[in-house]
Amino acid sequence: MADGKRPSYSLREIVERFGGELVGEPTTRVSQVATLESAASHAVAFLGSDRYLPLLRITKAGAVILGSAARDATGLPRIVCGNPYAYFARLSAFLNPPSPVMTGAHSSAVVDGTASIAGDVEIGPLAVIGRGARIGSGTIVGAGCVIGDDVVIERDVRLYSNVTIYHGCRLGERVIVHAGVVIGADGFGMVMSDEEWIKIPQIGGVVIGADVEIGANTTIDRGTMDDTVIEEGVKLDNQIQIAHNVRIGAHTAIAACAGVAGSARVGRYCRIGGSSGIAGHITIADHVEVSAHTLIMKSIDRPGTYTGAYPFDANAVWRRNAAHLRHLGELAERVRALERRLATKERSGS
Amino acid sequence: MADGKRPSYSLREIVERFGGELVGEPTTRVSQVATLESAASHAVAFLGSDRYLPLLRITKAGAVILGSAARDATGLPRIVCGNPYAYFARLSAFLNPPSPVMTGAHSSAVVDGTASIAGDVEIGPLAVIGRGARIGSGTIVGAGCVIGDDVVIERDVRLYSNVTIYHGCRLGERVIVHAGVVIGADGFGMVMSDEEWIKIPQIGGVVIGADVEIGANTTIDRGTMDDTVIEEGVKLDNQIQIAHNVRIGAHTAIAACAGVAGSARVGRYCRIGGSSGIAGHITIADHVEVSAHTLIMKSIDRPGTYTGAYPFDANAVWRRNAAHLRHLGELAERVRALERRLATKERSGS
Amino acid sequence: MADGKRPSYSLREIVERFGGELVGEPTTRVSQVATLESAASHAVAFLGSDRYLPLLRITKAGAVILGSAARDATGLPRIVCGNPYAYFARLSAFLNPPSPVMTGAHSSAVVDGTASIAGDVEIGPLAVIGRGARIGSGTIVGAGCVIGDDVVIERDVRLYSNVTIYHGCRLGERVIVHAGVVIGADGFGMVMSDEEWIKIPQIGGVVIGADVEIGANTTIDRGTMDDTVIEEGVKLDNQIQIAHNVRIGAHTAIAACAGVAGSARVGRYCRIGGSSGIAGHITIADHVEVSAHTLIMKSIDRPGTYTGAYPFDANAVWRRNAAHLRHLGELAERVRALERRLATKERSGS
Chain A
35 MADGKRPSYS LREIVERFGG ELVGEPTTRV SQVATLESAA SHAVAFLGSD
85 RYLPLLRITK AGAVILGSAA RDATGLPRIV CGNPYAYFAR LSAFLNPPSP
135 VMTGAHSSAV VDGTASIAGD VEIGPLAVIG RGARIGSGTI VGAGCVIGDD
185 VVIERDVRLY SNVTIYHGCR LGERVIVHAG VVIGADGFGM VMSDEEWIKI
235 PQIGGVVIGA DVEIGANTTI DRGTMDDTVI EEGVKLDNQI QIAHNVRIGA
285 HTAIAACAGV AGSARVGRYC RIGGSSGIAG HITIADHVEV SAHTLIMKSI
335 DRPGTYTGAY PFDANAVWRR NAAHLRHLGE LAERVRALER RLATKERSGS
Chain B
35 MADGKRPSYS LREIVERFGG ELVGEPTTRV SQVATLESAA SHAVAFLGSD
85 RYLPLLRITK AGAVILGSAA RDATGLPRIV CGNPYAYFAR LSAFLNPPSP
135 VMTGAHSSAV VDGTASIAGD VEIGPLAVIG RGARIGSGTI VGAGCVIGDD
185 VVIERDVRLY SNVTIYHGCR LGERVIVHAG VVIGADGFGM VMSDEEWIKI
235 PQIGGVVIGA DVEIGANTTI DRGTMDDTVI EEGVKLDNQI QIAHNVRIGA
285 HTAIAACAGV AGSARVGRYC RIGGSSGIAG HITIADHVEV SAHTLIMKSI
335 DRPGTYTGAY PFDANAVWRR NAAHLRHLGE LAERVRALER RLATKERSGS
Chain C
35 MADGKRPSYS LREIVERFGG ELVGEPTTRV SQVATLESAA SHAVAFLGSD
85 RYLPLLRITK AGAVILGSAA RDATGLPRIV CGNPYAYFAR LSAFLNPPSP
135 VMTGAHSSAV VDGTASIAGD VEIGPLAVIG RGARIGSGTI VGAGCVIGDD
185 VVIERDVRLY SNVTIYHGCR LGERVIVHAG VVIGADGFGM VMSDEEWIKI
235 PQIGGVVIGA DVEIGANTTI DRGTMDDTVI EEGVKLDNQI QIAHNVRIGA
285 HTAIAACAGV AGSARVGRYC RIGGSSGIAG HITIADHVEV SAHTLIMKSI
335 DRPGTYTGAY PFDANAVWRR NAAHLRHLGE LAERVRALER RLATKERSGS
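Protein chains in written order, with this note's numbering: chain A, 35 to 384; chain B, 35 to 384; chain C, 35 to 384.
Heads up, a few of these hints could be off.
No copy labels: a pair is met if it fits in one copy or bridges any two.
[Said to hold, decoys possible] Below, a list of computed lysine-lysine pairs in the BS3-like style, where the Cα atoms sit at most 27 angstroms apart:
hint, residue 1, residue 2
1, K94, K39
2, K39, K233
3, K233, K94
Simulated from the structure, these hints should not be mistaken for lab results.
Kindly produce the complete structure, drawing on both the sequences and the hints.
Now the structure itself:
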């Protein structure tokens, strides 16, 4: 993904903009970020952990960002700072700005006449904008997106391709939505009566806060009567399922393939692992970390890390242990019996 | 999602239509359903469980639907009935009718000349209808849908946006398909020969019965030679995977992110939990309930609830227990040895 | 999915083309493959396992493919060969050739003028081809696909409908991509700083090797700086998540709903079960088999089968065992205490 004609910046310009202490030649110019392993001389790499010190010794990077503890671990031009990873992220964002908005609707897009579109919005080819939709300035709607009636999208939002947003949903400023995402489909609500399921109309909406990012093919259902809410700064990976009436607290990050069941409330600043699940109607406190492949079946009221994945093993070992697991209650009973018998024996002095 | 000009109905009109016993002022008018918590005076709420009695006391709803046991728990105008939740679902459907069919194909849709489209079908913008497809009256095909050659869709079906239906698949009456669903992609069939996978053509189809609902981004693969079958009244949540040659029995409900592997047969009236899995080539009886995050590895021949999720715990506790789980066979062996040694001791009388 | 006017072939023609020993009438003609159970007289079935011998006795197939051990298990015309399943796959592919390329771009497609499209490419209705994209001959781009800028697609690739490929990704020859797939969305990369997530630009790409097949709604993220790589011959089922910087070794097959976390490396010829997970930054050796619903939390350096699914049980049994599992460490401690006490007793001779 390299290319020849990128603008380059001297390390001096970079520290003037982003801070940090410059050690080594300040006129060194870099135009891109790279890993220690694959960096060429035009690139700046970073040292995120001591684990990568061997790579630091052999990197061909033109400069390196690192923490003060590693300040003398290389002779390369370097920027010493408190949080090299965050510094690197900001520098990378600077060197890789988002593609500019190409104002206007592509001639193949289908934009309803009653939609209210700000002046500097980009609407990609074959996108559909419904009746009464409102789209704020600086927003890009990708090719093939379908924006339902009365949807409200604030400014500087980025929708990639083939996103579907059902009627009446609302997206805050700077939200990023990746391809294939579906926001606002009906929640899974029905009731059994006379041996048949009766559908419960899902008349709530979805409200997405500012600065939320939503990964590819993730689905967020509309609420049954009230709204499903994703608070500001939440980051959702790919293929996540958020059921109706869920609320995800601000700045929580959820890894791919996780599912949050109906009416669950997840706190702020949580980190939810991949393929994990949150049961319906429970509440998770702020700052909770859930490990991958863990099902949280009841509410958690204090911060901490919670885990429930089965430890894998060679199949033959697993089979033996799993067989015993299915009789664990009996094993515990046998231990209890042993304790009683031995105590009797000990008491009898024999 | 509220709006001002909805039609309203008196409670008398409602009980005339849906039955139940009216207690309190019969001219009370309501125009929408709502939760006890968020209802305003124009809304009717329902009491689904005693758990919500505190909310009943403070609700601002204009009327409430409840069971006979809670008949006197409020002074509000109310409808007393046998199954308040089902009553509520029917009333909500009445107050929130589906959007009417806008007959005709949008000018941007691409409809093959050989397709057979009933007179009162709505085909949304940028939809594609393939050769020889047949679409029944009252059906709505959403924006961006791609309907393959020779697909048959019966009457009153609702396809939301960006749905893909591969060639030759068949959907029954009143089926609802949410955005991003893929029906009829190739099953995962191949055979290893000479260190390479040979693809097995998937020449079966998919048959979806009447009144099935399919959630967003769910995938249902076509059969290898015979059909994959979803029987009538099945309800599938979002992001479910149904593999080739599966049969799901009538009125079974499957929660989000579950997967059913190839050639499995799931019975009627089953309830399958979120992120659960059904192994290939097994059979699940009618009326089986599978808990969330549970893998069913072998056939189940009688009704009941089956579970296999790892109980989560604080990470430190989980680590300790999980470490022992990996040596459970040895622990059981040690208990057996203790039993033998103690029995010897007891027999010896010493 | 049967039809009347398929070309038919005599068994003699078939063995001339594909080998095997013909037993019985060589002029028997077949036009399609089918299962033993549903085959009619124009169809050829196969016996994949002795388990299906009862079906062999009652099949109405016109001919059967089987191994030498079952050579005399039927009087039907038959082809005896070493790997009946592989023979059958090849014959089915011959009898069910892919739909031919309909050269040209549909008038509704939006193809950027700077894209480089080979002469005999089919571009379906409402597809979008970005700036500088290159598409090789024989490739079919399905309806509603969005191919980003500078994407490179080699020859004889098949993209089904509504596929999204982000800018700069590369697909090898004969790759098959099913509907709803998203290739090249941003990896889930961010760093917490001052109580907010900072996004790390994802500037790597995705490289897909030749002969890879990708199932419906699967997502493959672009790398952070280097590429995410799917090597040749890999087969991915539906709804799989491949995170940034992952490498999947050649000819590995992954079943539906599995997830591979960031920077993991999976070996060649692995078989990864459905809904399983591979943790980030670990390495899996070649020829490893991972069972369904198993989380691989650390590297595996030797071939074999690895499992970690919780054995399901009737809910009441599961509850009891799961409760004990949460106290397994204490149980082990009690067993250790018993061992000590009994040893003391045994040593004392009392």
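Verification of the hints:
1. For a Cα distance limit of 27 angstroms, the shortest separation of K94 from K39 inside one copy, 20 angstroms, qualifies, whereas the shortest one across copies, 65 angstroms, does not.
2. In the homo-oligomer, the alpha carbons of K39 and K233 lie at most 27 angstroms apart only across protomers (24 angstroms), although the nearest pairing inside one protomer, at 57 angstroms, exceeds that limit.
3. In this homomeric assembly, K233 and K94 come within 27 angstroms of each other (Cα to Cα) only across copies, at 25 angstroms, whereas the closest approach inside a single copy is 62 angstroms.
Every hint from the earlier list agrees with this structure, and none is contradicted.
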